[in-house]
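Assemble the whole structure, with the sequences as input and the hints as a guide.
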Amino acid sequence: MSASHALLEARGIGKSFFGISALEDVDFTLERGEIHALLGENGAGKSTLIKILTGVYRRDRGTIYLEGSEVSPDDVAAAQALGIGTVYQEVNLLENLTVAENLFLGRQPRRFGMIDRRSMRDRSKALLARYGLDIDVDALLSSYSVAIRQIIAIARAVDLSGKVLVLDEPTASLDANEVKGLFTVLRQLREDGVGIVIITHFLDQVYEIADRVTVLRNGRLVGSRAISELPRLDLISMMLGRELQHITRDHQAEPETIDDRGAPSIQFQNYGKKGSVAPFDLDIRPGEVVGIAGLLGSGRSETAFLLFGIDRADSGTATIDGKDVSIASPEAAIANRFGFCPEERKTDGIVGDLSVADNIVLALQARRGWMRPISSAQKRELADSFIKSLDIRPADRERPIKFLSGGNQQKAILARWLVTEPRLLILDEPTRGIDIGAHAEILKMIERLCSEGMSLVVISSELEELTAVAHRVIVLSDRRHVAELSGRQLTTDGIIRAIAGTGETEAA
Amino acid sequence: MIHARNLPFVTTLAIFVIAYGLCVLQFPNMLSTRVIGNLLTDNAFLGIAAVGMTFVILSGGIDLSVGSVIAFTSVFVAVMVGSFGVHPLTAFLAALVISTLFGCLMGAMIRYLMIPPFVVTLAGMFLARGAAYLVSTQSVPITHEFIDTMLGFYIRFPGGGRLTLLAMVMLIVFVVGIIVASRTRFGANVYAIGGNIQSAELMGVPVGATTIRIYALSGFLSGLAGIVYTLYTSSGYSLATVGVELDAIAAVVIGGTLLTGGVGLVAGTFIGILLQGLIQTYIVFDGTLSSWWTKIVIGILLFVFIVLQRTIIWYSDRRLAVRQLKEV
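Chains as they are written, first to last, in our numbering: chain A, 1184 to 1691; chain B, 1025 to 1352.
Calculated directly from the structure, the hints in this document are not laboratory data.
These numbers come from a predicted model, not from an experiment.
One or more of the hints may lead you astray.
From the structure, some residues in chain A lie toward chain B, with a derived Cβ separation under 8 Å [said to hold, decoys possible]:
#1 GLU1278
#2 LEU1280
#3 MET1297
For each residue, glycine too, the CB sits at the ideal point set by N, CA and C.
Right under this line is the structure:
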């Protein structure tokens, strides 16, 4: 237990779910009195790593040392007992209990075997006073704001564990003032020698509070650096990565202007929604692939939700072939021959227990309405033709789709929309969680579709993927469309600079 | 200050007091200790089972096996004592062990096989009822010196009422239940699981052990209710107490416990039981009403309480939203 040991050290951590690797050989070191930011895009493995350190998951490989001695927390209670406390973003505390009950759940002070409510109340008051909070601890937790609950959760975790505090997106639902209050608390804890791990996607906040960052990408460690030696540009390229340089589209040969592709067929003007995405203009020409780039939380998916009518725009107009249209719901979007493959394939995309064929005809049936069912012969024919043309494996249309691999599920969802012959197809992270082979096939398919005259909007956190397939890339930052890149400007470096550009001006 | 979450309990209490007052106005005899003593004795087995049900519902679950377990226990005890000449205490002990283990098993299935409590306890309901038939399909009378002594034991109230041993057992179970729910870590864990099982797990609540204990407790109390029922009717019959679990659920809900779990009081269930007993007593006093009026009134009360609970949740959500708007 000498001071030369790091507070918490993880070596070679590996974890896979159902044969799919979520973390591979990741190292992580946390010192005493350090605020350490853990960064990465969705699916990078941040949450998996945190859950392993805090005992929610069991690791497959690797070792964890706490103050130099090996530990192996089997569950949350064990991790807490070791001194590792966690505050999760949403699933947090219990609204049906009082503040005091929440603070002391599982470790209530007892007298003669009974919970000593008075002592619990007094200790709760004293505990919260350290965080500058003077509230009625006998009131229900649900009567307090998210910011106060956050402090209560931190107070509980620190009081319970005291050595390591893990915060998962603590600022996601706080306003600027509340964030400031939270950071004051965190700095105080840092002074006290607590090691703090913070997951966040707000880079400004990382630069404001963190001492060190560790970046994960696709379940692997990219690097761990002191924040003072890490320019924002380098950090973003660590997060988004740009080591793969297999560009298939030759942007250099393309004209700077793309007017020769013909007039835009779908136009969004001053389109936006308060609290979601600032108003933007977007023109999409037939056969064009428009990429959307930005960090997690920058408004990428929100833009897609607006375009597809999942979120209702509160400003601006949409026109198709010069005619004004209203896209106020997904039904309206489908009626206008739009298609959308969402990011969360498992929860928002596939209907796991239905067969591949049923999943493929789903959108077509929705457009036809339930009065005009698709005959089973027609369904078989459609399913078989797409299984063949997209090479969905196994080629068994009756198999429940949940038994297919991620890549084949994604192809089936693509097929679902292709059946409806859309004019605009929106793909949110089309290649996430898909193996390399399927990845290339999907990119090829995007090429083929646009050569057939379909327009595509592709959202991706893989910059090489965007530069490879897109004719134009819209860059988002802080829920605003900040740049549009095409032709020669369209490189991974260009996108990273565009993302960082606004970040730096905002920080200044 | 009354917490919003205790409002249903306070409402039930108020309704009970008012209803009792109205009954007494019409039939002054209903105030007598005789009536109160009988009410407690008549509902003793239901009250005991309802305490277990309260814990189950507080944790967000349901136990449909209660009535069947009561029937099984009563037949089991009657046959053991009546046909095999086992001492009643031994039979009681064996019955309690069986019903508790049965509860444990259901709890373990709910937790580790992740089967919804409704399904598991529905299966348990059929299983226990079938087992009761297996023991005997007859109504088995039970006579034993020891049992006569037990039934002969009571405390006399001023005014001629009797607090029987059965009523005492129920009151003790309620008192212990109230203490366990509000003053022990196990009780706090039950509320935590009912509030949000994921949060509870992330906060280090031993969800598995607690779930098993909850259903074991419900099984134990169903067994105890079965013993009390056997003493009450001096017989065991496998067709008895069909649907008692629903009466217990009704008492719990009328007592102010949210069916979704996490909010409620054991004391509320006691009032729920008294209210049901009061309605039955009123019908007996009236003499012209049929007994199904009990069901009708309880049905109406249930509706009222479900609506009331919804309204309270809606109202407190809105108040919170307004307050947060003001803070901004």
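Could you work out which of the previously given hints the structure breaks and list their numbers from low to high? none
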